[in-house]
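Student: Read off the chains here:
There are 2 protein chains.
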Amino acid sequence: MKKLINRPEDVVRQSLEGMAAAHGDILKVHFEPNFVYRADAPVRNKVAIISGGGSGHEPMHGGFVGKGMLDAACPGEIFTSPTPDQMLEATRMVHGGSGVLNIVKNYAGDVMNFEMAAELALSEGLRVANVMIDDDVAVKDSLHTQGRRGVGTTILAEKICGAAADKGYDLKRLADLCRRVGTRGRSMGVALTSCTVPSRGVPTFDLGNSEMEIGIGIHGEPGRERRPLASADAIAETLVLSIVEDAAYERTVRDWDETKGSWVDVEIVSEPFMAGEPVLAFVNGMGGTPSSELYIVYRKVAEICEKKSLRIVRSLVGSYATSLEMQGCSVTLLKMDEETVNLWDAPVRTAALRWGV
Amino acid sequence: MKKLINRPEDVVRQSLEGMAAAHGDILKVHFEPNFVYRADAPVRNKVAIISGGGSGHEPMHGGFVGKGMLDAACPGEIFTSPTPDQMLEATRMVHGGSGVLNIVKNYAGDVMNFEMAAELALSEGLRVANVMIDDDVAVKDSLHTQGRRGVGTTILAEKICGAAADKGYDLKRLADLCRRVGTRGRSMGVALTSCTVPSRGVPTFDLGNSEMEIGIGIHGEPGRERRPLASADAIAETLVLSIVEDAAYERTVRDWDETKGSWVDVEIVSEPFMAGEPVLAFVNGMGGTPSSELYIVYRKVAEICEKKSLRIVRSLVGSYATSLEMQGCSVTLLKMDEETVNLWDAPVRTAALRWGV
Chain A
1 MKKLINRPED
11 VVRQSLEGMA
21 AAHGDILKVH
31 FEPNFVYRAD
41 APVRNKVAII
51 SGGGSGHEPM
61 HGGFVGKGML
71 DAACPGEIFT
81 SPTPDQMLEA
91 TRMVHGGSGV
101 LNIVKNYAGD
111 VMNFEMAAEL
121 ALSEGLRVAN
131 VMIDDDVAVK
141 DSLHTQGRRG
151 VGTTILAEKI
161 CGAAADKGYD
171 LKRLADLCRR
181 VGTRGRSMGV
191 ALTSCTVPSR
201 GVPTFDLGNS
211 EMEIGIGIHG
221 EPGRERRPLA
231 SADAIAETLV
241 LSIVEDAAYE
251 RTVRDWDETK
261 GSWVDVEIVS
271 EPFMAGEPVL
281 AFVNGMGGTP
291 SSELYIVYRK
301 VAEICEKKSL
311 RIVRSLVGSY
321 ATSLEMQGCS
331 VTLLKMDEET
341 VNLWDAPVRT
351 AALRWGV
Chain B
1 MKKLINRPED
11 VVRQSLEGMA
21 AAHGDILKVH
31 FEPNFVYRAD
41 APVRNKVAII
51 SGGGSGHEPM
61 HGGFVGKGML
71 DAACPGEIFT
81 SPTPDQMLEA
91 TRMVHGGSGV
101 LNIVKNYAGD
111 VMNFEMAAEL
121 ALSEGLRVAN
131 VMIDDDVAVK
141 DSLHTQGRRG
151 VGTTILAEKI
161 CGAAADKGYD
171 LKRLADLCRR
181 VGTRGRSMGV
191 ALTSCTVPSR
201 GVPTFDLGNS
211 EMEIGIGIHG
221 EPGRERRPLA
231 SADAIAETLV
241 LSIVEDAAYE
251 RTVRDWDETK
261 GSWVDVEIVS
271 EPFMAGEPVL
281 AFVNGMGGTP
291 SSELYIVYRK
301 VAEICEKKSL
311 RIVRSLVGSY
321 ATSLEMQGCS
331 VTLLKMDEET
341 VNLWDAPVRT
351 AALRWGV
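Chains as they are written, first to last, in this note's numbering: chain A, 1 to 357; chain B, 1 to 357.
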């Protein structure tokens, strides 16, 4: 195992310490329980947005804490869900009197713990809404998940909702927006290599010298199939076509009903992409892939979108939702409209995404 | 060889095509000869800044083209110097009537070709100044270089000089500033793994499972020594102490003398770091290292700087000067002052570095 680390058990803490040291103008880190939060928290009269998940996916989510995006991020141990006490303590720290939106990637542990944290916060009189992102078209049900996994669209939802919170959206409107983004984004990834969790010291899975895993999960969960390594163009085509040709996806999710004071089931549906629609195209690196390769993939993604009459109106290329040092990438397409384009363009100042400020 | 590419011979071109597709609001790409240039070039009455070098180090330099940084970047083939015709054509495209500053990393081919390009431009009546960056303290003389290699400080010089050009510095003042940044920055790197040049298909060098190369060059040139893999803290200490304890470094460089119309030798010196000085600390990933590990390194860099009474007033953490998918990092410390801090903070809008706009 070759890593720039000290003891495996110190990876999460020391990485957070480094972030705090490097970005004191943007964020602070609370230890025990661990969470990253805006240096100027709480922001009064703004809905606070919290996300979180296992570590090992950096910069997601701590790198997205700051003006115009997240108020707090709760990192678990590597590839392990954060615990309700982290989320509750973060909620207490950043809520500014207008409620808290939790953006939750669909992994069983994350969903369960964010629900528990929401219940605890609600019992303290804090208004909370949880919205789950489940955008990975690769597989239905997986190692750690019922239904589709939550991947790249999560970051886009965090940026768009962060801007909307800045503009004064109330909790209900913000949660609706987040759900809309979640149902309009689809993703799929590929791994060329495994990653190695520091505490285990050996690769999470074995992949032959000329093999790749199509539809990989961000913790190395099995994807759709293992295939001979293909060209960047062929890989991009597989990912984009899987996304673009994905049918309407209906499922039931749980929402907190304030009037009833209980969780209720809600039917939601992700509509397929339609010719002529404006989209944001996001090519994401898995951590060990150089940006030059991501641009080679992006080139083909743009070409296929053009063929499919999808208009790319915004783009993002970089390693944002990673799996430690895994080589590979994921593609996310998100249907856009005037509102979400304006929110995407709004100023953001975080460690990993920054413009306009 | 596992890479997200098509044919090895198409890597540079297709990566540039992807950049052009993703960042049309920031940059354009000219093919044959290849160079990346600002979408709004030429900018009238501003000194234009050009850099360049072998490909494989992305985002350096094409990712730094845009408002507040470079006007153009000339990418060679992978790990191969760009040619004078690329630089000359870029010069013709971006010069805005106030001259051109070429920022050149110290590699024999880059220096020779940028000198030849400068002579050709001068013969066309364009004012040009070349400033060489040679900040790598690891070794004196190396595989492709006489004197010290040019690494991380180059990016800092590009940002600071880009802002100064925006503020109206004339060519002489800008070249002096660039040289000053060059002599105030020092860097050193480490590799945990080799990288693989696509056209070769095999790793550039062999490194045992528990070995690392201290003082590696960005093309895989041998460093100071090969050692057993150490902890992130021990590595950070080696790199920072090598930088901080480096003695005054004197050398002769070549400058174009406008009045004489010829190249002249100039003696320059990099002064050692002194306790109490303000510095910018830059932890750079080599391409295959996740950001969480860079923050673990940054944490220790900050700790050692504090012990050495160096005040970190600005920081940069990310993979900016890479060696394809190499795992490893480099550390750069740059002495700062009020002028360079203000220029660092000025707005920049490029594919890889962006804030304030």
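Any given hint could turn out to be false.
Unchecked claim - No more than 25 Å apart at the CA atoms, straight line, and that leaves these computed lysine to any residue pairs for SDA-like:
1) B:LYS2 to A:ARG224
2) B:LYS308 to A:ASP25
3) B:LYS28 to A:TRP344
4) A:LYS167 to B:ARG349
5) A:LYS308 to B:GLY208
6) A:LYS28 to B:VAL341
7) B:LYS2 to A:TRP344
8) A:LYS28 to B:VAL266
9) B:LYS167 to B:PRO278
10) A:LYS2 to B:GLU225
Because the hints were derived from the structure by calculation, they are not lab data.
Student: Within 25 Å, alpha carbon to alpha carbon, are LYS2 of chain B and TRP344 of chain A?
Tutor: Measuring from Cα to Cα gives roughly 34 Å; hence the hint is violated.
Student: Hinted pair, alpha-carbon criterion (25 Å max): LYS28 of chain A, VAL266 of chain B. Please report holds or violated.
Tutor: The hint is violated at about 47 Å.
Student: Decide if the proposed pair is consistent with the structure: LYS167 of chain A and ARG349 of chain B, CA atoms, cutoff 25 Å inclusive.
Tutor: holds (24 Å)
Student: Keeping to a limit of 25 Å between CA atoms, is the pair of LYS2 of chain A and GLU225 of chain B held or broken?
Tutor: Holds - the C-alpha atoms of GLU225 of chain B and LYS2 of chain A are around 18 Å apart, at most 25 Å.
Student: Take the C-alpha atoms of LYS167 of chain B and PRO278 of chain B, compute the straight-line distance between them, and say whether it is at most 25 Å.
Tutor: Holds, at roughly 23 Å.
Student: Given the hint that LYS28 of chain A pairs with VAL341 of chain B, does the C-alpha gap stay at or below 25 Å?
Tutor: The hint holds at about 23 Å.
Student: Check the hint pairing LYS308 of chain A with GLY208 of chain B against an upper bound of 25 Å on the C-alpha distance.
Tutor: Not satisfied, since the Cα-Cα distance of roughly 47 Å exceeds 25 Å.
Student: Below or equal to 25 Å on CA atoms is what counts here, so check LYS308 of chain B against ASP25 of chain A.
Tutor: Between LYS308 of chain B and ASP25 of chain A the Cα gap is close to 23 Å, so the pair holds against 25 Å.
Student: Take a quick look at whether LYS2 of chain B and ARG224 of chain A sit within 25 Å of each other, Cα to Cα.
Tutor: Roughly 20 Å between the alpha carbons, so the hint for LYS2 of chain B and ARG224 of chain A holds.
Student: When you check the alpha-carbon spacing of LYS28 of chain B and TRP344 of chain A, does it fall within 25 Å?
Tutor: Since the Cα atoms of LYS28 of chain B and TRP344 of chain A sit roughly 23 Å apart, the hinted pair holds (cutoff 25 Å).
Taken one by one, the earlier hints fail for this structure at numbers 5, 7, 8, listed in ascending order.
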